[in-house]
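Participant: Position 560 of the sequence shown, counting from 1, maps to 560 under full-length UniProt numbering, and the rest follow consecutively.
These are computed hints drawn from the structure, not numbers from a lab.
Model, not experiment: these values are computed from the prediction.
Treat the hints with care, since some could be wrong.
The calculated DSS-like cross-link candidates involving lysine-lysine, where the alpha carbons are at most 30 Å apart (straight line), are [as the list claims (entries may be wrong)]:
no., residue 1, residue 2
1, Lys499, Lys279
2, Lys268, Lys253
3, Lys255, Lys273
4, Lys411, Lys565
5, Lys517, Lys361
6, Lys499, Lys273
7, Lys307, Lys565
8, Lys131, Lys499
9, Lys309, Lys565
10, Lys411, Lys359
11, Lys517, Lys499
12, Lys386, Lys551
13, Lys565, Lys517
14, Lys517, Lys268
Label pairs and their computed distance ranges (CB to CB) [claimed, not checked]:
no., residue 1, residue 2, range
15, Thr169, Ser301, 20 to 26 Å
16, Pro482, Gln338, 25 to 31 Å
17, Ser301, Ala353, 35 to 41 Å
18, Pro95, Gly438, 53 to 59 Å
19, Gly483, Ala353, 18 to 24 Å
20, Gln295, Pro405, 55 to 61 Å
21, Pro95, Thr68, 47 to 53 Å
22, Glu235, Thr352, 57 to 63 Å
Ideal placement from N, C-alpha and C gives every residue a C-beta, glycine not left out.
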Amino acid sequence: MWKCLSKYVCIFLLLTLSGVFFLFRNISILEWKLDLCIWELCSNHSEGPTPLDHNQSCNHLGQGQERTPEEALEEHDLLESIACPELPPRSMSTPLEQTSDPAHSLFAVLPAVGGREWHVGDQLESLVIMKDFQGRPKSHGGDFLLARLHSPELGAGVAGQVLDHQNGTYSAIFLLLWEGSVQVEVTLVHPSEAVAVLRNLREERPNRVLYKSLFRGGLLSETTMCNLCLPTNQEPLCNYTDPHTGEPWYCYKPKQLLSCDTRINHFKAGYQKDLITDKEALLFQSGVNLKTRIQAKGSDSVTVLPKKKDKPEVESSHAKPAPVRTTPSGYYFQGSWQSLGDVVMRQFNDRTAITQCLKGKVVYMYGDSTVRQYYEFLTNFLPELKDFNLRSPVNAGPFMAVDIPHNILLKYRSHGPPITWTPLSISQLRYVANELDGLAGGSDTVVVISVWAHFSSFPVQVYIRRLRHIRRAVVRLLNRAPGTVVVVRSANLRAQSLKESLIVSDWFSVQLDGVIKAMFRGLNIKLVDAWEMTLAHHLPHNIHPHPPIIKNMINTILSHVCPVKN
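Let the sequences and hints guide you as you build the complete structure.
Facilitator: Shown next, in the form of structure tokens:
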């Protein structure tokens, strides 16, 4: 009997141990699935806000690699150049009826000097008068306006320059670049009172986009919050500052027995809620005061006649006396982008032309999804450019495509954090500056960079520092391989809602656009002016511009890679 009982005890112990083993294993699996569920839920539903804490780990804004005196002065000048005019304070004292209202505001096309006719090469000016919801003129500036001149029947359009006179009036200035009837369009993106809210959000809530990382070791796993700016007086931090560039990134240290070295991925975990009051939310109403057209008083159109024979060319027309001379980077005509810069535009309308241009070349694309669009366009348009399956996340990459017969290699890699995508392995979190330092470069190498879309929620100093590191790497690359073609893509306009405005407003983007253009000016790089290419086009604004715009951007890049000879 004892022998039999002993046998059953052994079986019981074996089953118990097996159950415990599978229980722990399933707990680990369930924790991982729970982390994924949390990520999926947070992608659609915001978490509760982190209480405003000025004791953030953001004292590193000016750190990283040491700045030279010239770079420190440059940063000061950049911040001055994008500084807001005096705006009303962010307070509950300004009722909605006293804020800028596009329905009551108006613009008028000013007559030509001496009442003469308009000709190609002239400069057209419209006066914008902002009024509040009670129809009273505004007495201060600070409204965020966009202006466009277009001819729908010609597929033509050009961005206008808006000047703030700081008294409630603005000038929208356009260069007349084609013949025919042209129409002025003025849009209020944000009233000045909304700009004041956004300015404070950027400085006070730099962590309003939530990031997380999963830590795992053995049977243990834990997810913690991560960001550039984390309150330092709550929990111990793991410091993931890049040793080469000095780019900072932090996560809260796991509370379990997991070290900082057990971090396995990075992902966006939603957005903070309750960033503004209900009264402030009234400043961001679609169709009311958010990206809404302003109507013209009188006609919004003029007829442009051919260029006068004795009139100087457009590029030398600065001789004409005028308070301000607008200089767009280009314009659309018959749906095609015409550059006014240092490149003669070519139209790569068929696969053969693109393939011949890229033959024997390696194209590296670094940045966010706005440059990934170029990779997707080329791999979809060129059938011989075959995707090489790297088993990468669909959105984040890295990706690689090869055209063996024509010796073309195309690569895409996302930039390092902050990056708001699906879970990324930390092994794939690479900084663009480090990647550029690993390139040999040469006349067979093309580099395309677009880094801006994930920096909207941070103070501008964060973006300046990132671009400074990238610029240093670009200079090093061009010094060792001067024949390398480096293309930098600027920011673009996007759709706006209340939620989007608080995180990725066009007001944030226009400042990043100004910074990237200024910081790469004077270098031997080529610029794709995505801001003007999306503003001048008739298609709706989108973070990922529509295919016709992307095609024109590709034509711009290829026109630099394979320029017209002589």
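Participant: Sort out whether Lys565 lies within 30 Å of Lys309, counting only the CA atoms.
Facilitator: Cα-Cα ~28 Å, so holds.
Participant: With 35 to 41 Å as the target window, see if Ser301 and Ala353 comply at their CB atoms.
Facilitator: holds (37 Å)
Participant: Do the beta carbons of Pro95 and Gly438 sit within 53 to 59 Å of each other?
Facilitator: The hint (53 to 59 Å, Cβ to Cβ) holds, given that Pro95 and Gly438 are roughly 57 Å apart.
Participant: Would you check the hint for Lys131 and Lys499, treating anything up to 30 Å between C-alpha atoms as holding?
Facilitator: holds (26 Å)
Participant: Using the C-beta atoms of Pro482 and Gln338, is the stated range 25 to 31 Å upheld?
Facilitator: Given about 28 Å between the Cβ atoms, the range holds.
Participant: Below or equal to 30 Å on CA atoms is what counts here, so check Lys517 against Lys499.
Facilitator: Since the Cα atoms of Lys517 and Lys499 sit roughly 27 Å apart, the hinted pair holds (cutoff 30 Å).
Participant: Does Lys273 lie within 30 Å of Lys499 when you go C-alpha to C-alpha?
Facilitator: Holds, at roughly 10 Å.
Participant: Hinted pair, alpha-carbon criterion (30 Å max): Lys517, Lys268. Please report holds or violated.
Facilitator: holds (28 Å)
Participant: Lying within 55 to 61 Å: is that true of the beta-carbon distance Gln295 to Pro405?
Facilitator: holds (57 Å)
Participant: Would the hint linking Lys307 and Lys565 be met if the CA-CA limit is 30 Å?
Facilitator: holds (28 Å)
Participant: So if I understand the rule, the pair passes when the alpha-carbon distance is 30 Å or less; does Lys411 with Lys359 pass?
Facilitator: holds (15 Å)
Participant: Measure nothing beyond the straight line between the CA atoms of Lys268 and Lys253; if it is 30 Å or shorter, mark the hint as holding.
Facilitator: Holds, because 18 Å separates the two Cα atoms, which is no more than 30 Å.
In this structure, every one of the numbered hints holds.
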